[in-house]
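Here is how the chains run, residue by residue.
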Amino acid sequence: AQTVTQSQPEMSVQEAETVTLSCTYDTSESDYYLFWYKQPPSRQMILVIRQEAYKQQNATENRFSVNFQKAAKSFSLKISDSQLGDAAMYFCAYRTRDDKIIFGKGTRLHILP
Amino acid sequence: AAGVIQSPRHLIKEKRETATLKCYPIPRHDTVYWYQQGPGQDPQFLISFYEKMQSDKGSIPDRFSAQQFSDYHSELNMSSLELGDSALYFCASSSIKDMNTEAFFGQGTRLTVV
Chain L
17 AQTVTQSQPE
27 MSVQEAETVT
37 LSCTYDTSES
47 DYYLFWYKQP
57 PSRQMILVIR
67 QEAYKQQNAT
77 ENRFSVNFQK
87 AAKSFSLKIS
97 DSQLGDAAMY
107 FCAYRTRDDK
117 IIFGKGTRLH
127 ILP
Chain V
84 AAGVIQSPRH
94 LIKEKRETAT
104 LKCYPIPRHD
114 TVYWYQQGPG
124 QDPQFLISFY
134 EKMQSDKGSI
144 PDRFSAQQFS
154 DYHSELNMSS
164 LELGDSALYF
174 CASSSIKDMN
184 TEAFFGQGTR
194 LTVV
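Keeping their order, the protein sequence lines are chains L and V. Residue numbers for the first sequence follow the working numbering, so the first one is 17 and each next one is one higher. Residue numbers for the second sequence follow the working numbering, so the first one is 84 and each next one is one higher.
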């Protein structure tokens, strides 16, 4: 069974600084998708970025980028130039071959002004 | 752009009552997922539907049932409600046919059982 592990329950970063959120996963599948979702205090789930496992190039969306290490089964999220609006819970997620999405436990990110 | 619509946004029920949550996916999305997120918890997968057929089942109690209708909207029916059912219930939709692999989430229904 696939699992997703986020080892950092909480993190803090100074505004305008860069922070990296860690995520590791376990799977026997060779083709899959990985995602980072943001959940602000409103509790809505917002897609931040996605990565196709067959692509070696790391995905980037504006200030958000990932470091995808397929062999190590690692999928970290880097947030550059952190802004107050980035404060949220961040969930790493894996999409299985039968289209179920498995979430990690989440990392709560605090932005310090 | 149209998003996933969930109704109601908030629901308060008493123990042993029944609740029905509705989800309207993004147009042309063929897959619907239901998740339950307890306070301070990560979302837990309940059940999913692809083309109106149940495609996968997670940790959904027997007291819960769900279905996807011909217009692709889905309903989660919860009976004999318990205090522990109080949670945020998310619906998400995606399109496998279009290779659109993101799941877009609705805003959730906050269920409080008293």
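Keep in mind that the hints are not guaranteed to be accurate.
No farther apart than 30 Å at their CA atoms in a straight line, the calculated lysine-lysine pairs in the DSS-like style are these [to be verified]:
#	chain 1	residue 1	chain 2	residue 2
1	V	105	L	121
2	V	140	L	116
3	V	98	L	121
4	L	121	V	96
5	V	140	L	86
6	L	71	L	94
7	L	89	V	140
8	V	140	L	121
9	L	121	L	89
10	L	116	V	135
11	L	89	L	71
Distance windows between CB atoms, simulated [unchecked claim]:
#	chain 1	residue 1	chain 2	residue 2	range
12	V	90	L	72	30 to 36 Å
13	L	72	V	95	27 to 33 Å
14	L	124	V	110	20 to 26 Å
15	V	99	L	34	33 to 39 Å
16	L	74	V	197	43 to 49 Å
17	L	28	V	142	30 to 36 Å
18	L	97	V	162	48 to 54 Å
19	L	56	V	158	44 to 50 Å
20	V	140	L	47	42 to 48 Å
21	L	71	V	140	43 to 49 Å
Stretch-level coverage of chain L by chain V, calculated; a stretch enters the list once three of its residues show a Cβ under 8 Å from a Cβ in chain V [what the hints assert, rightly or not]:
#	region
22	29-40
23	53-67
In case anyone wonders, no lab produced these hints; they're calculated from the structure. Glycine residues also receive a C-beta, built at the ideal position from the N, C-alpha and C atoms.
So, against the hints stated earlier in the document, which numbers end up violated here?
Of the numbered hints, 12, 13, 14, 15, 19, 20, 21 and 22 do not hold.
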